[in-house]
Structure formats: structure tokens, C-alpha cells
Amino acid sequence: MLPRLLAGPSLAAGAESLVDHRRRLGPLPPVRDGEALIKTLADSGLLGRGGAGFPVARKWATVAGRPGGRAFVLANGAEGEPLSAKDRTLMATRPHLVLDGAKLAAAAVGADEIVLYVGREHGAARAALTAAIAERATERAVPVTLVTAPTSYLAGEESAAVHYLNEGDGRPTGTTHRPFERGIAGDPTLVQNVETLAHVALIVRHGAGWYRELGSGVRGTALVTLGGVARPGVTEIAMGTRIGELAAQFGAPDGARAVLLGGYFGGWLAAGKALDMSLDPQILRAAGSGFGCGVVAFLGPSSCGVGATARILDYMAGQSAAQCGPCVFGLRAIADATARLAAGSAARDDLERLTRWSTQLAGRGACRHPDGAVGLLQSALRVFSDEFREHQRTRTCPVERDGRRAA
Amino acid sequence: MPKPSTNGQELVVDRIRCDGFGMCAELLPELIELDDWGYPILVAGAVPDQLLDHARRAVAVCPLLALRLRPVARATMTATTAARATVASPGG
Numbered sequence: 001m002l003p004r005l006l007a008g009p010s011l012a013a014g015a016e017s018l019v020d021h022r023r024r025l026g027p028l029p030p031v032r033d034g035e036a037l038i039k040t041l042a043d044s045g046l047l048g049r050g051g052a053g054f055p056v057a058r059k060w061a062t063v064a065g066r067p068g069g070r071a072f073v074l075a076n077g078a079e080g081e082p083l084s085a086k087d088r089t090l091m092a093t094r095p096h097l098v099l100d101g102a103k104l105a106a107a108a109v110g111a112d113e114i115v116l117y118v119g120r121e122h123g124a125a126r127a128a129l130t131a132a133i134a135e136r137a138t139e140r141a142v143p144v145t146l147v148t149a150p151t152s153y154l155a156g157e158e159s160a161a162v163h164y165l166n167e168g169d170g171r172p173t174g175t176t177h178r179p180f181e182r183g184i185a186g187d188p189t190l191v192q193n194v195e196t197l198a199h200v201a202l203i204v205r206h207g208a209g210w211y212r213e214l215g216s217g218v219r220g221t222a223l224v225t226l227g228g229v230a231r232p233g234v235t236e237i238a239m240g241t242r243i244g245e246l247a248a249q250f251g252a253p254d255g256a257r258a259v260l261l262g263g264y265f266g267g268w269l270a271a272g273k274a275l276d277m278s279l280d281p282q283i284l285r286a287a288g289s290g291f292g293c294g295v296v297a298f299l300g301p302s303s304c305g306v307g308a309t310a311r312i313l314d315y316m317a318g319q320s321a322a323q324c325g326p327c328v329f330g331l332r333a334i335a336d337a338t339a340r341l342a343a344g345s346a347a348r349d350d351l352e353r354l355t356r357w358s359t360q361l362a363g364r365g366a367c368r369h370p371d372g373a374v375g376l377l378q379s380a381l382r383v384f385s386d387e388f389r390e391h392q393r394t395r396t397c398p399v400e401r402d403g404r405r406a407a
Numbered sequence: 408m409p410k411p412s413t414n415g416q417e418l419v420v421d422r423i424r425c426d427g428f429g430m431c432a433e434l435l436p437e438l439i440e441l442d443d444w445g446y447p448i449l450v451a452g453a454v455p456d457q458l459l460d461h462a463r464r465a466v467a468v469c470p471l472l473a474l475r476l477r478p479v480a481r482a483t484m485t486a487t488t489a490a491r492a493t494v495a496s497p498g499g
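If you read the protein sequences in the order shown, they are chains Z and W.
Residue numbers for the first sequence follow my numbering, so the first one is 1 and each next one is one higher.
Residue numbers for the second sequence follow my numbering, so the first one is 408 and each next one is one higher.
It cannot be assumed that every hint is accurate.
[As the list claims (entries may be wrong)] Ranges of calculated distance between the beta carbons of each label pair, as one might list FRET restraints: (1) L441/W - A185/Z: 35 to 45 Å; (2) E167/Z - R463/W: 29 to 39 Å; (3) L441/W - R395/Z: 28 to 38 Å; (4) R212/Z - G429/W: 52 to 62 Å; (5) R382/Z - V450/W: 24 to 34 Å; (6) K39/Z - R463/W: 40 to 50 Å; (7) D254/Z - R475/W: 32 to 42 Å.
[What the hints assert, rightly or not] Covered stretches of chain W (in silico footprint by chain Z; criterion: 3 or more residues with CB under 8 Å from a CB of chain Z, positions within the stretch not fixed): (8) 419 to 431; (9) 441 to 455.
If you're looking for bench data, these hints aren't it; they were derived computationally from the structure.
For each residue, glycine too, the CB sits at the ideal point set by N, CA and C.
All chains should be built: construct the whole structure from the sequences, respecting the hints.
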């Protein structure tokens, strides 16, 4: 039955207290056997909900299987994606699910400390977690520290998060070693998104079979953030829900042109194609988009796809950590060319260069920020191909032109 | 199409370090081209044997020590694939 993570009191009531949380869900079962817990997670098929969708059990097993020594759990609640609000909503309303999950992770992998890493701009989330930690002050458990993450798109990127905790520098450091090998203080660190941890808190109580009762394809439920609809916001869905179903339920505009899935790191799909598609990570990836962090944003019938893409790329260029040349110069160049096309001031070869650049930047940064930006651009060039050509050829916007004609 | 390689070395660039001096591309145009802003685009995979000396020279000439040769191991490739899958996108 839905919802699962968001079951309980109304979200408008704010954070659920520890007493209410325990009354509703029962106490957290003690972890007697970390390996068995990880096996349960493997059976559940739970995938990480930060955006990359990596199998949770595999990451936990890697940290648990370290040769020895200290380890950390980093609960990642730095939700930098502008279109996503699911992590902050979860933290602000169900803080004890997140803490339960982090505690389970620490027990399963034998971690010595839990760090909750939460965005500066997520005030309600930090307040709820601070209060929740205080409610558990008498518990005997591994220490929990709440750290405020800097406000930036990349602050939640895992190497950036570890860098910030170690040196106060929230820029990515590249992928030569991974946090689960060497993270906080140089020790193996399990970095896990807060929604993922909340799912674990329920799977431990109800079992892997229960988790798999909902969803088709990839199983379970997921928090998604809906945008461009009459009733925007965060909701919980069964994995594999048809996008058209969400469109009807939340009031997507008639004649929506496209859907942005997975946020700024995801990709556009033409609405005609998307509405029949399932919100399933594998299906979406095959279609050139992605589930990412669960953003589903509709582009209305009179909105220009080139303009919408230009605004996203401008943001992405501005959020570059400014460390790697291809990202610094490449993202600015694709953002500016797209902006010129959108504004009707395209240079003669802007679209041609944009197309070439869209294939040249992936894999050429210390982190995957440039990959995300060109992935989004490639999806835009595919979905809005006629529109891009019209913008280049006539230096006017066909959507706006037709809109005026219709009016 | 590069000829088969038996040396098992590949070129990698430290993207944070690289400042786009472009000397590597001058010495090894077969494997390194520069993008519109002067930053290297590397041909992926093992360096063909007949280019290995040139590759070593390209590595040696980089003023920022951003370019290096490293063994292409199956394990490395797996690690890279795993890294791609796990690098949390923002929102992490």
C-alpha cells in the first residue's frame, strides 16, 4: 500500500516525533548479523536514490568487507538539484526514518560514526534532524553529527561531500579513489542518500518480500518531485508507474510538449513518448533519459524547449566548480550558444557547434558535472530538433510564433 | 584504427591539474587532439606500441605533470565502470 515512507501524520504537521514514530512502526529491530541485513537488502533489490541508482547491498558489502579499521556513514541530504524537493521533505517530516536507516547502516558495516550532511538551505530539515538527534540522546549508539553542507549544485556529489568534511572545500576531487575505499579522515565511508536510508528502515522491519510487493520492473517505491503541474510537490509512487498516470493525477497541462526526467542531470523526453512510459530506471535510461533523483517536470504547450534548455544549461555552467577546463569553458560555451539560439540572436554556426560540443565534453571532468550537462543537451537536441533548427534558421521561436497566431 | 598494443599502457589526464598548455597534442597528434578551448581529448584505450615513445615524451613535456601513462588493467576498467555507476549525481 502507498505511501510507505510518507505514511503517518500529514506532511503539513511537520516532523514526526520519536514517540509517534515508534508507536506507528514499532522499535527498530537490533542488528545481530550485519551480513544477513546486507543479504536482505540485496534480496529487496533496493537501488540508491541519490541519482546514480547503484545497488545498495553492493556498496554496503564493500565497506563491511574492508580489511579492518575505522569507517564512517555519510547520510547525504545535500539536495542540490533545483527541481527536487524529496530529500528535504523526507528529512523535515520523517527524520527518524532517516536516523533509523543511518543507524542500521552503521551497525551493518561496523562504522564508528554517522555524519548527516544536509544543505544549508534545507532549514526545516536541519531543524527536524537536530531535534530528532536530541530525542535519542539517551540511546547507546554510534555518535551522530549533523554537518551543514554548502549551498551549491555540486555539494552533494560524493567526492565533494567528503572533500568538504575533510578540508572544508566542497569541490569534487575526482575519481581516483572512491569514498568507500578512502573517505572521511581517509577511512572507508559509506555515502548513502537519505531516502535510501529511510527505505532500509522499513525493509528491516517488514522484509525484502514486502518491499518487492509494489512496483514493476525495478521494485519498491520512490519519492518523486512533480513540476509543471497543477498540483506540484513531492509524492511517493510505486516504481514503474506510468508517467501518464502521474500526469492525470497531478494535473499536467493539456498538450504538454515534453517531460524532464531526473532533473538537470537527467534528460528530456517528448511527451507523446513519455506518457506511455514507466518510471523505471532501466526503461528511462534506454530511452536516453533517466530516473535520477525522481524529478518529473512537464513543459507546457506554449513553452519553448530551446529556452527551457538554455536556462538549465546556464545554471549548470554557473555551478561548475571551475576546476577543469572542459567544464569551465565547455559548459559556458554550450550555455551561451543555446541562449543565443533561444533569444533569436544565434551566430551562423551555433547549432552546428552545439551539436559537436555535445559529444566532446563527457568524461572530461574530475566529476560528472559536464557529463550531466551534455546529456541534458543531447536529449534537448533530440526532442526539440525541429525547434532548434527553426531557431537557427529563422532566429525566431516557432512555439511562440504559433502561440501568437493561435491567439 | 590504431594497431594492436602489447605494452598495456594508456594515457590519462588529471583534469583539475591540466591547464590546456597543449604541448602533448603537438607531440602526439595521433592520440591527442585539442578541443576549441585548448584542452586535450584523448583516444581511449591502450597506446599502440609504435607510439609509446611519443606518448612518454608527451607525458614528460607536460609543464603541470597532468598527463601520465598507467597500465590498462581489466580491474581498472571494472573500477571505472563501477565508478561511473556510483558517482552520486548532485543530491547524492
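Hint numbers the structure violates, sorted upward? 7
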